[in-house]
Amino acid sequence: MKPPPFDYALAESVEDAVRLLADTEREAKVLAGGQSLIPMLNMRLARPAVLVDITRIEDLRAIRVEHGHLHIGAGMRQSTVLSTPEARQGWPLLTAAIEHIGHPQIRNRGTVCGSLVHHDPAAELPAVAVALDARMTAAGPRGTRTIAAEDFFVGMFQTALEPDELLTEVVFPPLAGEGYAFEEIQRTHGDFATVGVAVHLSKPARIVFCGVGSTPVRVTSPEELDPHGDVHASAAYRRDAAKALLERAMEKAAKR
Amino acid sequence: MSGDIKAVGKPSTAEPSALCGVRMHINGHLVETEVESRLLLSDFLRSRAGLSGTHIGCEQGVCGACTVLLDGAAVRSCLMLAVQADGCAIRTVEGLAGDELSGVQRAFHEKHGMQCGFCTPGFLMTVTALAERTERPCAAEVADHLAGNLCRCTGYRNIRAAVSAALDERFGLEGA
Numbered sequence: 377m378k379p380p381p382f383d384y385a386l387a388e389s390v391e392d393a394v395r396l397l398a399d400t401e402r403e404a405k406v407l408a409g410g411q412s413l414i415p416m417l418n419m420r421l422a423r424p425a426v427l428v429d430i431t432r433i434e435d436l437r438a439i440r441v442e443h444g445h446l447h448i449g450a451g452m453r454q455s456t457v458l459s460t461p462e463a464r465q466g467w468p469l470l471t472a473a474i475e476h477i478g479h480p481q482i483r484n485r486g487t488v489c490g491s492l493v494h495h496d497p498a499a500e501l502p503a504v505a506v507a508l509d510a511r512m513t514a515a516g517p518r519g520t521r522t523i524a525a526e527d528f529f530v531g532m533f534q535t536a537l538e539p540d541e542l543l544t545e546v547v548f549p550p551l552a553g554e555g556y557a558f559e560e561i562q563r564t565h566g567d568f569a570t571v572g573v574a575v576h577l578s579k580p581a582r583i584v585f586c587g588v589g590s591t592p593v594r595v596t597s598p599e600e601l602d603p604h605g606d607v608h609a610s611a612a613y614r615r616d617a618a619k620a621l622l623e624r625a626m627e628k629a630a631k632r
Numbered sequence: 027m028s029g030d031i032k033a034v035g036k037p038s039t040a041e042p043s044a045l046c047g048v049r050m051h052i053n054g055h056l057v058e059t060e061v062e063s064r065l066l067l068s069d070f071l072r073s074r075a076g077l078s079g080t081h082i083g084c085e086q087g088v089c090g091a092c093t094v095l096l097d098g099a100a101v102r103s104c105l106m107l108a109v110q111a112d113g114c115a116i117r118t119v120e121g122l123a124g125d126e127l128s129g130v131q132r133a134f135h136e137k138h139g140m141q142c143g144f145c146t147p148g149f150l151m152t153v154t155a156l157a158e159r160t161e162r163p164c165a166a167e168v169a170d171h172l173a174g175n176l177c178r179c180t181g182y183r184n185i186r187a188a189v190s191a192a193l194d195e196r197f198g199l200e201g202a
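Same order as they appear, the protein sequences are chains A and B.
With the numbering used here applied, the first sequence corresponds to residues 377 to 632, in that order.
With the numbering used here applied, the second sequence corresponds to residues 27 to 202, in that order.
Some hints could be false.
With a straight-line cut-off of 25 Å between C-alpha atoms, the simulated DMTMM-like cross-links for lysine to aspartate or glutamate are [as the list claims (entries may be wrong)]:
| id | chain 1 | residue 1 | chain 2 | residue 2 |
| --- | --- | --- | --- | --- |
| 1 | A | Lys405 | B | Glu41 |
| 2 | A | Lys378 | B | Glu60 |
| 3 | A | Lys378 | B | Glu58 |
| 4 | A | Lys405 | B | Asp125 |
| 5 | A | Lys628 | A | Asp567 |
| 6 | B | Lys137 | B | Asp125 |
| 7 | A | Lys628 | A | Glu599 |
FYI, nobody ran anything at the bench for these hints, they're computed from the structure.
Note that the structure is a prediction, hence the values are computed from the model and not measured.
I would like the entire structure built from these sequences, with the hints used as guidance.
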């Protein structure tokens, strides 16, 4: 199928984008990488009146380390983050998780912030954001605010962003080289995660699962999980898979 | 190539519009026209640019039949709007051969890396991106890239032989 009709706007600045999103007459959605939004348009699961393309906004096309924190702008492609040495060295859990996202062809267009805002419950990056205590910067007509990762992921495909807010960047705090691992189980290489886990051996250790609920689920032990069953996997399978993945992840993390 | 191209026909105040001007290079040729906002890049290439070598298998980003090179990177043209390619340089399967087949095409021909040929353009573009690296990509990276292209006919054996042959020819056997 083909996308339904919409108007397209190329935002030239964050203010531009916010102005377009704040228009209450017409529903506007942000277009960044499009790797989640455009399939939805192609299947007509979404019918926004306006698409606001943010990928040419210079301010958002930055990845930088500032005061030890990793700032990833909303325009940064997943593949670019993967090939940024400071990101690989300083935040290896993040880059390990990005490598599980789809295929290279998807990562060449998809953005880190887009994956966070889209918040597919099976997605890898929301779990990593919670595991690493990331902070999201949102810009809107009421100003700019910071949202902690643990407050950001509200429900399936829902975040704490208001409809007129734009996620401008995600900020990861400095890490001290602790052990980490990201493990995932999926039907085929590059498929959506059936279950995934991000482990960060901070004190206390952070263990965050994806694909087991409507948001990333942080636990101290896999017994706490109460996964759902669906057409892809039963609840029992998810529970078993979660235990096995956590074992693997803890073993890997301990060696790093 | 893409940096100096300015958009035409676009409102300067970024107002939403159902029709947008686009200006891009396709296989080295400048193309300048107006498109509906919702026109996918895959459909633009096939019906507006007359380049039907780019195939549409799923329109969901899963199969890779629509893979093209955008500023040198392999992307799924079914998951891009034509308007998003404004100012970019696109290469499709039609742009691979000069007077002769490209090295990648020749490898697929010699190793018979196809049957019906539907997935082949997508594979050729993905493998061309790999072959144009400065260093030979490792086996894991090659496998990761190929996982993004599905074939229903061959069982992948000859495709993998073709890919190895293409990379061997380009980089030599070191790192194979």
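Return the numbers of the hints above that this structure violates; sort them in rising order. Number 4 only.
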